[in-house]
Amino acid sequence: MKNEELQELIDSWSPNLEFTEEGSQYLNVTVPIEELHAIMFKLKHNDQTSFDYLFCLSGVDWGEELGVVYHLESTNFRHSLVVKTQTAERENPVIDSVYDIWATAEFHEREVFDFFGIKFTNHPNLKRLFLTDDWDGFPLRKDYEDNINMIIK
Amino acid sequence: METVTANSNFKSEEYFINMGPQHPATHGVLRLLLTIDGEIIKKVEPDLGYIHRSIEKMCERDSYQQIVHLTDRMDYLSANINNEAVCLTVENALQLEIPDRVKVIRTIIGELTRISSHCLWWGVMGMDVGALTTYFYGFRDRELLNDIFEETCGARLTMNYNVPGGLMFDIHPNFVKRVKEFITHFRTKLPEYDRLLTNNIIFQKRAKGVGVLSREDAISYGASGPVGRASGYSCDVRKHHPYSALDKVTFNEALRTEGDTYARYLVRIQEMWESMSIVEQLIDNIPEGEHRVATNAVIKLPKGEYYQKVETARGELGVYIISTGTKSPYRLKFRSPGFSNLSLLNHIAVGGKIGDLVATMATLDLVIPDIDR
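Protein chains in written order, with my numbering: chain A, 1 to 153; chain B, 1001 to 1373.
Pulled out of the complex, with its shape left as it was, chain A reads as follows (with noise of 0.2 Å):
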């Protein structure tokens, strides 16, 4: 499917999605978080969009907020989608988890965790993947401070 053809088909499942291909290669939507997990479930099994392969899952942090990028692919169309999703809740983040979609999302979701102290609800197992469990904060936000292992130029 072309971008625009993709872009008006899952326009059509909700009102409330921003699309843009400005600075990216990819068609990009970002979805609300109360919508992230149905319209996710959509794009993996409708039969038109198809986006069965979650081949990269990352945490950013905006600044302002927090926030998760799924890179998705067809295997069967070959085409591509990018689903962004923000919170502007950095105490206490939560986003609802994809891990019962693709089940890569079961360790990726982990790693996003352990960086950026995003929480993912039904996520099975839900600890730190890298660093030790009495770590202090989150590595990879931008406020993060460590004096001792952090070589700042």
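Since the hints were made in silico from the structure, they are not lab data. All C-beta atoms in this analysis are idealised placements derived from N, C-alpha and C, irrespective of residue type, glycine included. Do not rely on the hints blindly, as some may be mistaken.
[To be verified] Reference listing, derived: stretches of chain B covered by chain A, where coverage requires no fewer than 3 residues with Cβ under 8 Å from a Cβ of chain A: (1) 1074-1080; (2) 1318-1328.
[Said to hold, decoys possible] Here are the computed lysine to aspartate or glutamate pairs in the EDC-like style, where the Cα-Cα straight-line distance is at most 20 Å: (3) A:K127 to B:E1097; (4) A:K42 to A:E18; (5) A:K127 to B:D1047; (6) B:K1042 to A:E106; (7) B:K1043 to A:D100; (8) A:K142 to B:E1216; (9) B:K1248 to B:E1097; (10) B:K1057 to A:D52; (11) B:K1303 to A:E22; (12) A:K84 to A:E65; (13) A:K142 to B:D1047; (14) B:K1057 to A:E22; (15) B:K1303 to A:D52; (16) B:K1239 to A:D136; (17) B:K1303 to A:E106.
Position chain B against the provided structure of chain A, taking the given hints into account.
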């Protein structure tokens, strides 16, 4: 043969053991928490982070030239391909026109890296299932490739041969001759691998039907590289999103449908043949020209997001850069193939025996620094 269950007083109970972080079959510092009942595996939980260096955080303070040097510390057996991935991302973002000579040399070196990585994997795979000889065969052939790399760029493992804009040096005058010699040599040696291990009945019994991964699960778990292709999932980045000179060559994507350990083994063996064929198609026709185009001393990517995927020896490596227009990325994420491939270990190992787990893990071909980053 009929199995007789002895009527014993032993109670069956689940217990927990550690495998690693210093277990030889984990090839590095990976720790597996195993829940087992007798010898049957009930649950495998990987414990990661023993070699975590937070490369992604380091990238946020480094320049793009420096980032290249960090990437060969991830999957050190695919060092050249990792370097290439970052260079391609930067070059695409800057819309640099890369000379054909660079593209062809990058592809040749990339495929040689793949052969070298698979040689090491094959040697160690044999060793893991108890065939020590393979180790020496594999390292014998890999040594020749390391010599070529050393002559080309001065390093044998962490090459740093790619820089944004091209290659650090032009190829050595002996390069073409030595690569051809290697291909001639390896074409006679690869059949030995089959005679020694592939057709060995003991090995086949250890590998066939063990650790079966279905196509649907392979996609859902984000499997890539030989792990995905052994399950019939066509996931070769070189085919679907060709980069460098890979659109100029013809090769077959190694695909199997069984999805078991033996299929993953056969895929890698076939890949070595295909890689040799790619190198042969290019080695006589390296275009003349510059080995590097000039870039600014301080590279600043335009504001935006860039994603580049390449096929390393282990699968799909993704480089995701978010730039705000400064000299360092705002955020850089490496989607490493080993990380996703490891996540399906529990799924395919449960129900098997500990010996099967070792064989299965050997064909996932995990490199721990690639997973921990």
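Compare the structure with the hints numbered earlier in the document and write down the numbers of the violated ones, lowest to highest.
-> Hints 1, 3, 8, 10, 13, 14, 15, 16, 17 contradicted; others consistent.
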